[in-house]
Every structure is written in structure tokens, then in C-alpha cells.
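Use the sequences and the hints to build the structure in full.
So the sequences go chain by chain: A and B. As numbered in my numbering, residues 117 to 361 make up the first sequence, in order. As numbered in my numbering, residues 3 to 299 make up the second sequence, in order.
Derived from the structure by calculation, the hints contain no laboratory data. Source: prediction; values computed, not measured. We treat Cβ as the ideally placed atom computed from N, Cα and C, and that holds for glycine. A few of these clues could be false.
[As the list claims (entries may be wrong)] Below 27 Å or equal to it, Euclidean Cα-Cα: the simulated DSSO-like pairs (lysine-lysine) are:
#1 172(B) - 243(A)
#2 198(A) - 238(A)
#3 356(A) - 336(A)
#4 133(B) - 238(A)
#5 198(A) - 133(B)
#6 189(A) - 238(A)
#7 139(A) - 336(A)
[Said to hold, decoys possible] According to the in silico footprint, chain B covers these stretches of chain A (three or more CB under 8 Å from chain B):
#8 196 to 207
#9 211 to 218
#10 223 to 234
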Amino acid sequence: MSSATEGAEPLVSVEDVHTYYGKSHILHGVSLAVGVGEVVGLLGRNGVGKSTTLKTIMGLVQPRSGAVLFAGKRVTGLPPHKLARMGIGYVPEDRRIFRLLTVSENLRTGLDRHGVTEERRKILLDKVFTYFPVLAERRGQAGGTLSGGEQQMLAIARAMMLEPRVILLDEPTEGLMPRMVAQIRTIIDVLHSERISILLVEQNVPLTLEASQRVYILEKGCVRHHCAASAIDVNDPLIKQYLGV
Amino acid sequence: MASIGQFLHSIPVDLLIIQTINGIVTGMILALVASGLTLIFGIMDVVNFAHGELFMLGAYMGVVAFAMTGNFWLALALAALIIGIFGAALQIVTLRPLIGRSPLNTILATFGISLVLQNYALWQFGPVARKMAEPISAEFTLFYLQYPWYRIVIALLSGAIISALWLFLKFNRYGVWIRATTQDRVMAQAMGIPVPLVYTGVFGLGAAMAAVSGVLFAPFGGVDSSMGLQWVLEAFIVVVVGGMGNLGGSIVAAIFISLLEAYAAVWLDPSQAVIASFVVLILTLLFRPTGLFAAPK
Chain A
117 MSSATEGAEP LVSVEDVHTY YGKSHILHGV SLAVGVGEVV GLLGRNGVGK
167 STTLKTIMGL VQPRSGAVLF AGKRVTGLPP HKLARMGIGY VPEDRRIFRL
217 LTVSENLRTG LDRHGVTEER RKILLDKVFT YFPVLAERRG QAGGTLSGGE
267 QQMLAIARAM MLEPRVILLD EPTEGLMPRM VAQIRTIIDV LHSERISILL
317 VEQNVPLTLE ASQRVYILEK GCVRHHCAAS AIDVNDPLIK QYLGV
Chain B
3 MASIGQFLHS IPVDLLIIQT INGIVTGMIL ALVASGLTLI FGIMDVVNFA
53 HGELFMLGAY MGVVAFAMTG NFWLALALAA LIIGIFGAAL QIVTLRPLIG
103 RSPLNTILAT FGISLVLQNY ALWQFGPVAR KMAEPISAEF TLFYLQYPWY
153 RIVIALLSGA IISALWLFLK FNRYGVWIRA TTQDRVMAQA MGIPVPLVYT
203 GVFGLGAAMA AVSGVLFAPF GGVDSSMGLQ WVLEAFIVVV VGGMGNLGGS
253 IVAAIFISLL EAYAAVWLDP SQAVIASFVV LILTLLFRPT GLFAAPK
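Given below as C-alpha cells:
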């Protein structure tokens, strides 16, 4: 294992988590770790529990057993809003923009927290408007009127307003045009350069392997494979089978 | 042709003008009641059957506070504050534990609360309706009527409160929290918004608005333990016709329904005029179940 987290304490760790939806057992003892400033990819076919893993970390579903640790503290069972305030940003699969709120108001939901000064707000907004100029153009427009790619940018920008230490990014390039995909790829690198950790769930295997340092491969709710991103050979029949490529 | 001319000639213009004013005045109070109801439904999917009782308790609080302070406006503010806090506490104790359960649970819970509050009021204040003096006794002449200024003031005040609510929702941080939670409560939580607290706050706000309407209405009709029933029924009609959870729609619908009833009362017996609003309700449910004034969600 060529792990970047060795020696240093991981920022997020998931320890033997079992999650259910009603009676169906989705996660069968998932364990993984994301180091500080590390981009970690989570790969696997549809329905193996990738999104559920992110939801479990975010506290949106409660695991029946196992633990989630953030910055060394056990956070299992805490409500999502507390986790968000502690520094976990969540960009869900379907973006979930507040459709009737304007772009500015969408961003504001992450800025109206304790201890954010006027100055700090401006710095944070300027930053996302530099990365995503189109959001600045459309700041007065309702979120629901944006295109798919613009909504994805807004979803990422909105999570950035929380000044998170880790961002859980669920299928950010799904259904986007190639130009938009490149832009998302750029923003992942920017976040990485700012030492923000990312747990990236993606169907786009080449992008994930390029952007991440390490990857976990999930199958049927279990981690089957875990290695450095560079060590994955996409032509390996076993990997092909895991990823369904 | 002659008969149409005859009909047009027979329209009592003075009466229509009086009824327009009456309709708007009632409509504004109704809008105040309904906006609390629709706000609570929009954010929590809770159909609050106890809303009328919060209206009624507000009116009683107004009577009690007026007797103590002698100032109507102070009594109005006190009633809003006390019932607002009471509503928030009620939400924490009875509705918060039901979050995530089927809507039937909250319907039964709020229905139960309404029965308890009604009987409490009957036990505490007795069956005899309390009177409350109008804080403004001046009148102006409207055709052959001496029309009380107080009614005009009520309409204006209700309008001002609704505008304040709108500004709050539009610009205030907590207003943005409320709108975000209404649209997507899961994502709101993931953005750090304390959704359980927002629920409690909105319920308290809705209760305070019901209390204000109760106090404002008290000088018209007297205060008794069952006064909430009629209002909450009308408010439900308004909320459905305006589109469940649609604040703007509710306000327009409140005025629309009240005007309709007021005009119907020109030709019909006032007790039959209520039928007009039920007809609108049934037609809405049949043809536009999302509400006549539905905004795209």
C-alpha cells in the first residue's frame, strides 16, 4: 500500500461501516481514509454503494454499525448541519441547487455562519467568481434557470463557501459537455492545490485516475481494491470487471 | 336586451363598493391567518389543524393583556410574542418527535392539540364571548353608513405585516434559511442550516401571525373558544386555492375568496355566501389541484 496517509492522521476515516436502506444492506463494512490535502477516488459500478458512502460520511444516512471519524473525532450520529459547520462540504450527485433561490442566495446559504466577517465573505465570493465567472454573470438569476454545467459549478462553489477541509464530490461530471468536464477537472486541481481534501465519486475512470492520488474500488458494498491511482491498469481484466468498463 | 339593461340598472353600486371594502378588510386578516398556515405547510409538510386555536388563544391573550395594560397595541404585541413562544414550544414537544413519520401522524397530532386548546379555553375563560373595544373609534361616512376607520387600519396593518414577512423571507439570513429549507431540506442541512431549529422558528412565526390576526379581529366579533373554527376553515380553502405552500398565492386567494363572499352576500343571504368559497374550492381541486395561483416549483 502506497498510502499518503501513513504516519499522518487521516482527515476523514470510515471504519467498518454497515449502512442499510430499510431492510436492504447497502454497505457491508466499508473502511477508507482520506488524508489532509489528498484527492481520493472512489470507483465502482452503479449501485455498489459509492453515493451511500458519501451520504454516510455526511450524516445523511446513519450507519447501523461502524464509525466515521473527522479530524480524529468520532462524528457518527451527528446531524449533517453540524458536520457542514465542522468543515465537510457535500456536492451531491444530482447537484440539488436551491432552484428558486438566486445564485447569490445559493452561495449565501454557506456564508451565513458564525464568524464570517464582511471581509471574509467578499474574499470567498471573489474567489469563486474568479474560478467560475459565469456565476458572477448570473448571480441574480434563479438557480433553476442555469444549465446543467452551470448548476454543477454552483453546487461546487456553494460547498466552497463553507471553507471546508474536505469536499465529498459525487459524480461532478455526469451528463456534462467535454468543455465543462475540463473545467470541473481544473477546479479539482485548484482545490487540491489549496490543500482541501476531496473524496471523488466518478463514473469517468480516466478523469478519476488523473485527478486522484489514491483510489478505492467498491463492489457490492465492500472495498475490493485499494492502491495508488497510478498503479491501476485499466486493461487488467479484474479491474475491468470491477469498473464495468 | 331590455332585461339585461334592467339587470344592470338593478345592481346596487353603493352596496358593491361597501362590500368591496368589507371583502378586502376580511381578506387581509384571512391572508394573515393563511400565510402562517401555508408557511408551515410549505416548510414542514405539516397541515396544522391547530392554527385556528392559535388564532383564538391569540385573541384571548389580547383580551387579557388589554385588561392589564389598557393599551390595545401593546396587547397586540404581547399576544404575538406569547403565542409565538407558545407555538415554538408546542412544535418542540409535539411535532419535532414526529419528523420523518407519515403526514397522518402530524395531522392527528395537530388535531389533538386543537381539541385540547379549545377545551382549555372553554374551561379557562368560560362559554360567554368576551368583548374587546375597538382601539380607534372614529368613523367616516360611506354612503348611508358610518364606516369605522379601525377596519381600514386593520387592512393596512395586515398588509404591512405581510410585506414585512415578505422582506424578511427575501433578505434576512433566516429568511433565506427558511426558503432554502422549503426547497430542499436535505441539502439545506448539508449546507450547515440547522433545519430542526428552522422548523421550530417557522412554527413560532406562524403562531405569532395567527395571534396577531386573532387580536385584530377580536373587536369585530367577540372572543370565544370556537372562534378559530370558522377562520381556519376559510384559511384552508385559501391555502388550497392559492396552492399549498405558496405564500403569494395564498394572499391573492385570501382576497379573492373574501371578495367573492362579500359580493355573493349582496344577492344571497350571508350564511349562504360561504357556499361561493366552497364552490371555488371544489372547482380548484377538480381542475387545478396545484392551486389557481401556483408558481412553478
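Tested hints:
1. With a C-alpha separation of about 25 Å, the suggested pairing of residue 172(B) with residue 243(A) holds against the 27 Å cut-off.
2. Between the alpha carbons of residue 198(A) and residue 238(A) the distance comes to roughly 24 Å, so the proposed pair stays at or under 27 Å and holds.
3. Restraint check for residue 356(A) and residue 336(A): the C-alpha separation of about 15 Å stays at or below 27 Å, so the hint holds.
4. Restraint check for residue 133(B) and residue 238(A): not satisfied, since their Cα atoms lie roughly 55 Å apart, outside the 27 Å limit.
5. Our distance criterion of 27 Å between C-alpha atoms is broken by residue 198(A) and residue 133(B), whose separation comes to about 49 Å.
6. Straight-line distance between C-alpha atoms of residue 189(A) and residue 238(A) comes to about 31 Å, which puts the hinted pair past the 27 Å bound.
7. For the suggested pair residue 139(A) and residue 336(A), the alpha carbons sit about 15 Å apart, so the restraint of at most 27 Å is met.
8. Only residues whose C-beta sits within less than 8 Å of a C-beta in chain B count toward coverage, and the stretch 196 to 207 of chain A has 5 of them, enough to reach three; the restraint holds.
9. A count of 5 residues in the stretch 211 to 218 of chain A with a Cβ less than 8 Å from any Cβ of chain B is obtained; the coverage claim is therefore met, three being the minimum.
10. Closer than 8 Å: that is the beta-carbon criterion, and the stretch 223 to 234 of chain A has 5 residues meeting it against chain B, so the requirement of 3 holds.
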